[in-house]
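Chains A and B supply the protein sequences, listed in that same order.
Under this note's numbering, think of the first position of the first sequence as 1, with each following residue one higher.
Under this note's numbering, think of the first position of the second sequence as 416, with each following residue one higher.
FYI, nobody ran anything at the bench for these hints, they're computed from the structure.
Treat the hints with care, as some may be off.
[Stated by the list, open to error] If the Cβ cut is set under 10 Å, some of the chain B residues that face chain A in the computed set are:
1. Q425
2. Y426
3. E430
4. E437
5. G448
6. F453
7. S454
8. M455
9. V456
10. S457
11. R460
12. E463
[Stated by the list, open to error] Straight line, CA to CA, 27 Å or less: simulated DSS-like cross-link-like pairs of lysine-lysine:
13. K465(B) with K132(A)
14. K459(B) with K25(A)
15. K178(A) with K467(B)
16. K170(A) with K420(B)
17. K132(A) with K420(B)
18. K397(A) with K382(A)
19. K465(B) with K161(A)
20. K326(A) with K404(A)
21. K420(B) with K387(A)
22. K178(A) with K465(B)
23. K161(A) with K459(B)
24. K170(A) with K467(B)
25. K25(A) with K132(A)
26. K367(A) with K467(B)
27. K225(A) with K102(A)
28. K459(B) with K178(A)
29. K326(A) with K367(A)
[As the list claims (entries may be wrong)] Quick look at which bits of chain A chain B covers, simulated, 3 or more residues with Cβ under 8 Å:
30. 135-148
31. 155-166
Ideal placement from N, C-alpha and C gives every residue a C-beta, glycine not left out.
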Amino acid sequence: MSYSERTRGVYQQQLSDIREAGLFKQERFIHSPQAADIEVEFPAGASLQKVINVCANNYLGLSSHPEVIKAAHEGLDQRGYGMSSVRFICGTQDIHRELENKVTEFLGTEDTILFPSCMDANAGVFEAILTKDDIMISDRLVHASIVDGMRLCSAEHDTYKHGDMDHLEKKLQQFQDKRMRIIINDGVYSMDGDTAKLDEIVRLAEAYDAMVFVDDSHASGFIGKTGRGTHEKCGVIGKMDIITTTFGKALGGASGGCVSGRREIVEMCRQRARPYLFSNAMAPVIISGVLKAFEILNRSTELRDKLEENARYWRNGLTEAGFVLKKGDTPIVPVMLFNAKLAQDFSRDLYGEGVYAIGFFFPVVAKGQARIRTQLSAAHQKHHLDKALAAFIKVGKKYNILGKTEEEIVQMYGL
Amino acid sequence: MEDIKEVILQYVIEEYADEDDELTYSSPLISSGLVDSFSMVSLKRFLEVKYKISIPDEDASPEAFDSVDKIADLVKRFTS
Numbered sequence: 001m002s003y004s005e006r007t008r009g010v011y012q013q014q015l016s017d018i019r020e021a022g023l024f025k026q027e028r029f030i031h032s033p034q035a036a037d038i039e040v041e042f043p044a045g046a047s048l049q050k051v052i053n054v055c056a057n058n059y060l061g062l063s064s065h066p067e068v069i070k071a072a073h074e075g076l077d078q079r080g081y082g083m084s085s086v087r088f089i090c091g092t093q094d095i096h097r098e099l100e101n102k103v104t105e106f107l108g109t110e111d112t113i114l115f116p117s118c119m120d121a122n123a124g125v126f127e128a129i130l131t132k133d134d135i136m137i138s139d140r141l142v143h144a145s146i147v148d149g150m151r152l153c154s155a156e157h158d159t160y161k162h163g164d165m166d167h168l169e170k171k172l173q174q175f176q177d178k179r180m181r182i183i184i185n186d187g188v189y190s191m192d193g194d195t196a197k198l199d200e201i202v203r204l205a206e207a208y209d210a211m212v213f214v215d216d217s218h219a220s221g222f223i224g225k226t227g228r229g230t231h232e233k234c235g236v237i238g239k240m241d242i243i244t245t246t247f248g249k250a251l252g253g254a255s256g257g258c259v260s261g262r263r264e265i266v267e268m269c270r271q272r273a274r275p276y277l278f279s280n281a282m283a284p285v286i287i288s289g290v291l292k293a294f295e296i297l298n299r300s301t302e303l304r305d306k307l308e309e310n311a312r313y314w315r316n317g318l319t320e321a322g323f324v325l326k327k328g329d330t331p332i333v334p335v336m337l338f339n340a341k342l343a344q345d346f347s348r349d350l351y352g353e354g355v356y357a358i359g360f361f362f363p364v365v366a367k368g369q370a371r372i373r374t375q376l377s378a379a380h381q382k383h384h385l386d387k388a389l390a391a392f393i394k395v396g397k398k399y400n401i402l403g404k405t406e407e408e409i410v411q412m413y414g415l
Numbered sequence: 416m417e418d419i420k421e422v423i424l425q426y427v428i429e430e431y432a433d434e435d436d437e438l439t440y441s442s443p444l445i446s447s448g449l450v451d452s453f454s455m456v457s458l459k460r461f462l463e464v465k466y467k468i469s470i471p472d473e474d475a476s477p478e479a480f481d482s483v484d485k486i487a488d489l490v491k492r493f494t495s
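Using the sequences plus the hints, can you model the full thing?
Written out as structure tokens, the structure reads:
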């Protein structure tokens, strides 16, 4: 046996350190489909509790949409369960090509390649298209999967202050000696719910000969008037060189992602992106569900309109109740509590009131910026939001934070 | 040496710090999360241009960049 007691002890100590630091993540078991109302077993072994879910990425309510489920069933029947192959050997069906074309059309790009996840897309794209002679300049708050992708790439990297266009310009000037420059951003930043200023970024990219990359995972399907994403909101459709996004959030919520953008870049990914080359093709059942999700979105903007209205209603309700929120206009609405323990206690009490929302604190967000991140869905009805608001207000009163400023909350609970 | 430290400190404050961060020569930069390892590249570039030196990648470790004091030591090593 090579897994000695000493080796076991090393891991036990590490896990104990994680627990002591208050960073141990525990899963809650959901016994129902993903939806606005879910039945949860938490902690493990506890009896089921029916709660309102305000922390899913199920922005458009498509995760359990009857049309998506039906399409997935049909895909299963007609194209089978699995491909048992990577794409370039014998894993590409006609529906893979159909989905790639559908994404290209929806996002307004030149071409698209599917990946098993957006994490894989971000992990593979930079290495496939850049060399050590190039520079990647990323916003300091980009998603962890982008950071991992940049680490796997031999190009040099630097960062610019979050959303600071003057700083970005300075960096672009500084790296004019590089062969190629790429500006890397999230479309919607998932912890704060703010959006990248893609119009200004495109202007700088054109002035300093740089490519623009955006991960629109928290935007595709609902940001912008017809839900195309952050580039639609900012009026720069057709100007994005690379968009990565996921099908695991608004677009059905199962799994899968893609790189969409310039034809040559997509082709380079097809030839060189390792997570694409060495992962199984996306399962037909998921491709079929995502195709249906796009059909629903192309038919009408009803779902993204409802989501927008829900987000407005929720944000207004929390503001009127006296909570401190991060400013924004997306369905990600962070309720600021600043203190990590307060965020954990608040989340626990909300659960007791029938609302499922999670506290986020350092190192996921900066120290002293602990919060409950709430996420709206088109699946929420007004009665869900009213009940959840009542729970927030009840718990907010318990901790005496309603109507209090950041300074006052910090004074009461510390950072 | 104080002059070098002050130049580096001012650069770090301008480039990385928030308004309420109080930084000294010994404040941890990378291990505290203030400067992420990706941002080290511009700091290294700044030092190389400012002091007309070349810092080999193997010497530009997160440990060697973890405080203004340590960075000043590194600069001194390559200027002398």
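Against the structure, the hints come out as follows:
The closest approach between the C-beta of Q425(B) and any C-beta of chain A is roughly 16 Å, which is over the 10 Å cut-off, so the hint fails. Using the Cβ-Cβ criterion of 10 Å, the hint placing Y426(B) at the interface with chain A is not satisfied: the shortest such distance is roughly 12 Å. Checking E430(B) against chain A: minimum C-beta separation of about 8 Å stays under 10 Å; hint holds. Taken as an interface hint, E437(B) does not check out: its beta carbon lies about 14 Å from the nearest beta carbon of chain A, beyond 10 Å.
Proximity of G448(B) to chain A holds as hinted, the smallest CB-CB distance being about 7 Å (cut-off 10 Å). Residue-level restraint check for F453(B) holds (minimum Cβ-Cβ distance to chain A is 5 Å; threshold 10 Å). At a threshold of 10 Å, the smallest CB-CB gap from S454(B) to chain A is about 5 Å, leaving the interface hint in force. For M455(B), the suggested interface contact is upheld, since its CB lies about 9 Å from the closest CB of chain A, less than 10 Å.
Because the closest C-beta pair between V456(B) and chain A is about 5 Å apart, less than 10 Å, the hint holds. A distance limit of 10 Å between C-beta atoms decides the matter here; for S457(B) the minimum to chain A is near 5 Å, and the interface restraint holds. Hint on R460(B) holds. Least Cβ distance to chain A is approximately 7 Å, under the 10 Å limit. Because the closest C-beta pair between E463(B) and chain A is about 12 Å apart, greater than 10 Å, the hint is violated.
As the CA atoms of K465(B) and K132(A) are separated by approximately 23 Å, the hinted pair is consistent with the 27 Å bound. A hinted pair counts as satisfied when its Cα atoms are at most 27 Å apart, and K459(B) with K25(A) does not qualify at roughly 36 Å. For a cut-off of 27 Å, the pair hint linking K178(A) to K467(B) stands: about 20 Å separates their Cα positions. Distance check on the hinted pair: K170(A) and K420(B) sit about 23 Å apart at the alpha-carbon level, within 27 Å; holds.
Proximity of K132(A) to K420(B) is assessed by CA-CA distance (about 31 Å); at most 27 Å being required, the pair is judged violated. Restraint check for K397(A) and K382(A): the C-alpha separation of about 22 Å stays at or below 27 Å, so the hint holds. Of the pairs offered as hints, the one joining K465(B) and K161(A) holds, with about 22 Å between alpha carbons and a cut-off of 27 Å not exceeded. Distance restraint check for K326(A) and K404(A): the Cα-Cα separation of roughly 14 Å lies within the 27 Å cut-off, and the hinted pair is therefore satisfied.
In summary, the hint linking K420(B) to K387(A) is not supported, as the alpha carbons are separated by about 56 Å, beyond the 27 Å threshold. A hinted pair counts as satisfied when its Cα atoms are at most 27 Å apart, and K178(A) with K465(B) qualifies at roughly 19 Å. Between K161(A) and K459(B) the alpha-carbon distance is near 17 Å, which keeps this suggested pair within the 27 Å criterion. Proximity of K170(A) to K467(B) is assessed by CA-CA distance (about 20 Å); at most 27 Å being required, the pair is judged to hold.
As the CA atoms of K25(A) and K132(A) are separated by approximately 37 Å, the hinted pair breaks the 27 Å bound. Straight-line distance between C-alpha atoms of K367(A) and K467(B) comes to about 37 Å, which puts the hinted pair past the 27 Å bound. Our distance criterion of 27 Å between C-alpha atoms is met by K225(A) and K102(A), whose separation comes to about 18 Å. For the hint pairing K459(B) with K178(A), the CA-to-CA distance comes to about 16 Å; that is within 27 Å, so the pair holds.
For the suggested pair K326(A) and K367(A), the alpha carbons sit about 16 Å apart, so the restraint of at most 27 Å is met. With 3 residues having a beta carbon nearer than 8 Å to a beta carbon of chain B, the segment 135-148 of chain A meets the requirement of three or more and the stated coverage holds. Three residues within the 8 Å Cβ limit are the bar, and the segment 155-166 of chain A against chain B gives 4, so the coverage statement holds.
Consistency note: the structure conflicts with the earlier hints numbered 1, 2, 4, 12, 14, 17, 21, 25, 26.
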